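FYI, numbering that gives the first Met the number 0 numbers position 39 of the sequence shown as 38, with every residue one higher than the one before it.
Please note that a few of the clues may not be correct.
As the list claims (entries may be wrong) - What follows is a list of derived Cβ distance ranges for each label pair: (1) 23 x 52: 23 to 31 angstroms; (2) 54 x 33: 12 to 20 angstroms; (3) 55 x 3: 13 to 21 angstroms.
Said to hold, decoys possible - SDA-like, lysine to any residue: derived pairs with alpha carbons at most 20 angstroms apart: (4) 3 x 36; (5) 3 x 29; (6) 3 x 15; (7) 25 x 39.
What the hints contain is simulated information worked out from the structure, not anything from laboratory work. As the structure is a prediction and not an experimental result, all values here were calculated from the model. We put the CB at the ideal spot given by N, CA and C, even for glycine.
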Amino acid sequence: MNEKRSGGSACAVDGLIWVFGGCDSKTVEFYDPATNKWQVSSNMNRERYVPCVLSI
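Build the full structure now, drawing on both the sequences and the hints.
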């Protein structure tokens, strides 16, 4: 990950692993196993500590 975090949440969608928030964090990152790289996505509007995430 590009940013260390605690209290974040993660879920897998379409082969990517998405990581959201954490203590004092509103960042979103995803990991692509095919390229073995982390990338930063758009930030959330507010910080989220232990957010609930779900993939259906």
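A quick look at each hint next to the structure:
1. In this structure the hint that residue 23 and residue 52 lie 23 to 31 angstroms apart at CB is violated, the actual value being about 18 angstroms.
2. The hinted window of 12 to 20 angstroms between residue 54 and residue 33 holds, with their beta carbons roughly 18 angstroms apart.
3. Taking the beta carbon of each, residue 55 and residue 3 are about 29 angstroms apart, not inside 13 to 21 angstroms as hinted.
4. Proposed proximity of residue 3 and residue 36 is supported: the alpha carbons are some 15 angstroms apart, at most 20 angstroms.
5. For the hint linking residue 3 to residue 29, the alpha-carbon distance of about 13 angstroms falls within 20 angstroms, and the restraint holds.
6. About 18 angstroms separates the Cα atoms of residue 3 and residue 15, which keeps this hinted pair within 20 angstroms; it holds.
7. Between residue 25 and residue 39 the CA atoms are separated by roughly 11 angstroms; this keeps the pair inside 20 angstroms, and the hint holds.
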